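Chains as they are written, first to last, in this note's numbering: chain S, 1 to 328; chain Z, 1 to 328; chain X, 1 to 328; chain W, 1 to 328.
Note that these hints are calculated values from the structure, not bench results.
One or more of the hints may lead you astray.
Note that the list lumps identical chains together, so a pair holds whenever it fits in one copy or between two copies.
[Claimed, not checked] Computed list of lysine-lysine pairs in DSS-like fashion (alpha-carbon distance at most 30 Å, straight line):
1. Lys299 with Lys230
2. Lys214 with Lys94
3. Lys314 with Lys7
4. Lys118 with Lys218
5. Lys118 with Lys239
6. Lys214 with Lys288
7. Lys299 with Lys310
8. Lys299 with Lys87
9. Lys94 with Lys239
10. Lys78 with Lys214
11. Lys299 with Lys118
12. Lys62 with Lys214
13. Lys87 with Lys233
14. Lys218 with Lys78
15. Lys6 with Lys214
16. Lys87 with Lys230
17. Lys214 with Lys7
18. Lys299 with Lys314
19. Lys288 with Lys218
20. Lys94 with Lys233
21. Lys218 with Lys239
22. Lys118 with Lys214
Just so we're clear, the structure is a prediction, and the values are computed from it rather than from any experiment.
There are 4 protein chains.
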Amino acid sequence: MSKNIKKIGVMTSGGDAPGMNAAIRSVVRTCAYYNIECVGIYRGFEGIMEGDFRPMDARSVKGIVNKGGTVLKSARSKEFRTPEGRKIAHDQLKNAQVDALVVIGGDGTFNGGLVFNKEFDFPVIGIPCTIDNDIFGTTHTIGFDTALNTVVDCIDKIRDTASSHNRLFFVEVMGRDVGHIALNAGVGAGAEEILIPEENLGLDRLLESLHRSKRSGKSSSIVVVAEGDKIGKNVFELKDYVEANMDEYDVRVSVLGHMQRGGSPSCFDRVLASRMGVKAVETLLEGKTNYMVGLLNEKIELTHLREAIKGQSKIDRELLRVSEIMTT
Amino acid sequence: MSKNIKKIGVMTSGGDAPGMNAAIRSVVRTCAYYNIECVGIYRGFEGIMEGDFRPMDARSVKGIVNKGGTVLKSARSKEFRTPEGRKIAHDQLKNAQVDALVVIGGDGTFNGGLVFNKEFDFPVIGIPCTIDNDIFGTTHTIGFDTALNTVVDCIDKIRDTASSHNRLFFVEVMGRDVGHIALNAGVGAGAEEILIPEENLGLDRLLESLHRSKRSGKSSSIVVVAEGDKIGKNVFELKDYVEANMDEYDVRVSVLGHMQRGGSPSCFDRVLASRMGVKAVETLLEGKTNYMVGLLNEKIELTHLREAIKGQSKIDRELLRVSEIMTT
Amino acid sequence: MSKNIKKIGVMTSGGDAPGMNAAIRSVVRTCAYYNIECVGIYRGFEGIMEGDFRPMDARSVKGIVNKGGTVLKSARSKEFRTPEGRKIAHDQLKNAQVDALVVIGGDGTFNGGLVFNKEFDFPVIGIPCTIDNDIFGTTHTIGFDTALNTVVDCIDKIRDTASSHNRLFFVEVMGRDVGHIALNAGVGAGAEEILIPEENLGLDRLLESLHRSKRSGKSSSIVVVAEGDKIGKNVFELKDYVEANMDEYDVRVSVLGHMQRGGSPSCFDRVLASRMGVKAVETLLEGKTNYMVGLLNEKIELTHLREAIKGQSKIDRELLRVSEIMTT
Amino acid sequence: MSKNIKKIGVMTSGGDAPGMNAAIRSVVRTCAYYNIECVGIYRGFEGIMEGDFRPMDARSVKGIVNKGGTVLKSARSKEFRTPEGRKIAHDQLKNAQVDALVVIGGDGTFNGGLVFNKEFDFPVIGIPCTIDNDIFGTTHTIGFDTALNTVVDCIDKIRDTASSHNRLFFVEVMGRDVGHIALNAGVGAGAEEILIPEENLGLDRLLESLHRSKRSGKSSSIVVVAEGDKIGKNVFELKDYVEANMDEYDVRVSVLGHMQRGGSPSCFDRVLASRMGVKAVETLLEGKTNYMVGLLNEKIELTHLREAIKGQSKIDRELLRVSEIMTT
């Protein structure tokens, strides 16, 4: 156990995701378990620079394991991207005698941590927490599973009205540049077509597929569209194109939006967050730095932050094939 | 009991709403209870003209009380608006020996029923079923309560991310020309401001209110906007205006959309639908026609369809006052 | 407006119910709106005697409108039932310059308030909050609607497994001595039989009904049993009796238990709590005491606490009739 | 592709689990994709013997991906355990020209399939579907993830009332002889203690742990108890023991029961079921038999049914350690 680490700071940064609170709780409780002090840092890197720290003991995180959002709040910080900003941040941490950081968030968060470590040799461990699941080095980011359940629950509701009226719905879901949410939620919700940035189906083949679907006896259809998809400029233009070229359907659009980021985390995300928080603190106590904890082959493993940022989270080709078979 | 009625047709029409299936089930089971035949008519008035009828016995509606959408499907029919179309419809009903209709839907549905009755002296009873709650003669339409729960559940999720990031969200909800959903869900979700068509707050006072809210210590805000509200041309313009005139907040928009029409109905809507279905059939059996069944002072009462269509469903002024006090 | 009331205490007592927090929030915000001080009293009458008070301003209740349970906690107090205990309580309130009480709970709570008012002429207003809906003077207590949704959601799940296996389930629900939850949730969940204390069906007729249900083609059955029902000594004995006398079904029991008291309140309960909290404070400010606020004919009205306690909350006979028709 | 297989039968057997319908749908759609006929077999092995078969095409499984229970129903069959019963079953399959079976269920189901294959050289592939997750050869059975979400949702509700009243709750969850549900849901719900059959804590240490928990400042507690746990004879005796030896808490019991088997499947379970159904059919078409499809290291892999039955699904020791740290 590293003698040098007596106080750990924990923060959340970037877009919030369900399970952030469960991860914070796990970091805090693991510190308590090892008799390490823990301070909560408010509003991410912004809060480091402002010294917005509060001591957190085991009881301070009670009742948050099932809450969406983040009790430590999140923010994006321009100033931290400058050397001056980071110097201020380092001074604040030194003043508060914080010896190491656990940063909870996505690749922007990890990049900030990595730069900070390089400049000040400050120990940093990352916990991947974003609904987009776009991080290399973990099969699941915290929040992804909950977002999938939120999305299928919404599409189930939309399906009720689609099938009552024989309508075609384009449902836009989040996911930044990757199609993980769209592909998984699309298969889960039984979507007739799934449009993801990794596969440019093309407008002609989309039309063809919708026609085939209609002929096969389907009276209503759901097309799940990843926000990063490039087939149309946006989902509304896609609707216009299909309406102009296909009169069998009454076409509607639904953009699910920010509700995908909120809500009480699923059991999977709570358990994952609990496991990752323990590993993050224990990795710091072993004297290591610059790692992300991740789920690989059902175990919590370490990946260097540099790889986590540079590596690409790839779509599951096999699941893509399953999705095609399911729409037979 | 009316000797003349031996077979009742039941149909759903207009926008679907949670509880339509519970209402269908109630009509079918009540017919079975009184040994009256019942036929389900598919796709509303369109289906009458096409003779798309199927006999329904008590067992045929099992397992649907908790399902969203409508097993009888819904549609809008242009042809039924013509005398020729209605003549065809009447012939189909006569051929099938259907003696009376229970029509489930909103004011468009009731108007169709009323015209049909006038021309052919055909017994018609209406059951109010729409999420908008915009029908005179009932304090609650079937589907309204479920839609409110869906909306507050979504806003609770949006609140998680709004408060994590200190953001201002404009959340657009359904409701056609009235603000019932916005007002009730706004109070239920603890919205900082509620914009409804019945009250034009004006852009200046909206800004003022948001500033006051910020000064009072609120770090994030939810503004619920009824789709029929006229303060901005639409919710995205509203966002632009506020962003241009207020830099304290990062502003986002979420349009909840059609998911508000779907989902498993709440217990309230299932019970209401069960009660209304019984009353609808019993009213026909008493030899009456042209009434809507409605909930008034906790009892199921009759209102003439003409009044139900012409009358106005007014916003609850007292609740508006409560909403202002809640945002103190 | 009463000049005498400058500080109001608010407390929750008895069994907790979803919406208690929304009611607390409404009382606190209404006080703030009228520039009246408000103190939260922890653990009901017990907390009065211990002087466990904390000042509550408008911001102190943020983020609780959608939370189950009660942030002020609840408890039962033996000592408050003695004159000595109440004397101590009165001294504590006087010391803290609390001028009036809003008590949130059921009839036990109201009785405590009434006795306290009688002895010390201390202004008291009650807000009915219990899942059982067993209070005279209001068609709905806060928490009842949420509990109904929780129960139908559970029974929907049990129905999945019942119908997969052709089983008969006895599902015991809460409700103390009345059958409101059982009757409403039973109709909502499409139960084949509903056993409530107000109607002793008798074991013979229950068996007969189950046989008839089986003959009519139902392969599985749900019987909802109110905890206060007297047909069997308890639900497990009921199961044994039916198993001994009917071999068509594989019989199971599910006692839903305390989860019925928890969970995020429905929109209906949040709105009701908001309306009642406003009326409670305004009634005190008008110089009145010893009233309960209640929902009667869709309006918030006053009923004397004495009547609220003595009066009986009766089962809806018409709904009982609807439930019989639904099981045709 | 095996020339011999032209028609596949699919059935569900044993205790039902959420996702069974998604698995059926996947098998049916995959058959359609490969132009193989598919017949649904009702009520498991019982239905084979009775020849209760219905042809299923791609459209016949629409709208079931999100439904709990099993549209094919499930049953336990005594007769199939006899050579005579299996002979009848084989005759029925031959008569209906069914060439292979996909059996969806748990180890009892797999054992039946294995014996049947041995006697008649009939191709059989198994899909693991049970909430208990007690099958060797897959990290997740279909239904496990949904059951975890149902359980944590229930415990979240119980927590509301526990913390309002400073109570200790024993919550009994399913899981047969293993503690997977208890351990995962216990960590997810933030339980203070988790009692599983794999670890006999002993009554003394349980008391000690509860005392320590109380001293550390916790005012309420949730103890999750696996149904297979042996520490007390049952959960009610556990309650009695703790009440007799600890007067700090008001103790209650909640047995969650059969609702754990129902409900709409989570996205995870729907996706898993879709993937497994494809693999099951493709494995048969490759001419293989007697395998179970399972999730291993995020891929769908084959395990011989014999191993799946004999092997032991072990508790995650690392998660047990995490659970201890979380209750610090």
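Going down the list of hints, with the structure as the test:
| no. | hint | verdict |
| --- | --- | --- |
| 1 | Lys299 with Lys230 | between (35 Å within a copy, 29 Å between copies) |
| 2 | Lys214 with Lys94 | neither (65 Å within a copy, 33 Å between copies) |
| 3 | Lys314 with Lys7 | neither (37 Å within a copy, 36 Å between copies) |
| 4 | Lys118 with Lys218 | neither (57 Å within a copy, 38 Å between copies) |
| 5 | Lys118 with Lys239 | neither (48 Å within a copy, 41 Å between copies) |
| 6 | Lys214 with Lys288 | neither (57 Å within a copy, 35 Å between copies) |
| 7 | Lys299 with Lys310 | both (22 Å within a copy, 24 Å between copies) |
| 8 | Lys299 with Lys87 | neither (36 Å within a copy, 46 Å between copies) |
| 9 | Lys94 with Lys239 | neither (55 Å within a copy, 41 Å between copies) |
| 10 | Lys78 with Lys214 | between (50 Å within a copy, 23 Å between copies) |
| 11 | Lys299 with Lys118 | within (28 Å within a copy, 37 Å between copies) |
| 12 | Lys62 with Lys214 | between (52 Å within a copy, 14 Å between copies) |
| 13 | Lys87 with Lys233 | neither (42 Å within a copy, 47 Å between copies) |
| 14 | Lys218 with Lys78 | between (50 Å within a copy, 24 Å between copies) |
| 15 | Lys6 with Lys214 | between (64 Å within a copy, 27 Å between copies) |
| 16 | Lys87 with Lys230 | neither (40 Å within a copy, 50 Å between copies) |
| 17 | Lys214 with Lys7 | between (62 Å within a copy, 26 Å between copies) |
| 18 | Lys299 with Lys314 | both (19 Å within a copy, 14 Å between copies) |
| 19 | Lys288 with Lys218 | neither (56 Å within a copy, 33 Å between copies) |
| 20 | Lys94 with Lys233 | neither (48 Å within a copy, 52 Å between copies) |
| 21 | Lys218 with Lys239 | within (19 Å within a copy, 39 Å between copies) |
| 22 | Lys118 with Lys214 | neither (57 Å within a copy, 39 Å between copies) |
The earlier numbered hints that this structure contradicts are 2, 3, 4, 5, 6, 8, 9, 13, 16, 19, 20 and 22.
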